Amino acid sequence: MAVVAHNEAEVDLLARLMRAEAEGDGDLGMLMVGNTGINRVLADCLDFTDIRTITDMVFQSPGGFEATQQGYFYQRARESDKRLARRVIQGEMQHPASNSLWFFMPEGACPAQWYGQWNTGRFLSHCFYAPAESECPAVYR
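For the sequence shown, the residue numbers in the numbering used here are -7 to 133.
In short, the hints are calculated from the structure, not lab data. Just so it is clear, the structure is predicted and the values come from calculations on it, not from any experiment.
Derived Cβ-Cβ restraints for the label pairs, each shown as a range:
1) Ser117 - Gln67: 17 to 23 Å
2) Arg44 - Ala124: 19 to 25 Å
3) Pro54 - Arg75: 29 to 35 Å
Quick reminder that beta carbons are idealized off the backbone N, C-alpha and C, glycines included.
Input sequences plus hints: build the corresponding full structure.
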């Protein structure tokens, strides 16, 4: 059962976001980016109180994803990307992104905190950050 409401256009949108943000980190990295996005739809806290759909999440401004400013994001989603997006929409979670709301690609080591949020780990090029459960319980499902 899906953890967020969605339609096929949003599966496609999420697949394109996952690919554009993390294709270089392989399927697992793309799944983690998807986890972060789905968590933002579920969160209803911090910077994400007005995010209710996958479309809202992908195009959030300010505070959204840099990939939406790049041409690669606007290329057609591949079926393999859509399969990954569906797995995330169905609730599959990958550590360290299970409860993350943010990620970024530092030049060096992951800082322990980023904008006041704690690092939950790194996967290849991306560091992931999650709020405290008391701040944002909806992402701790």
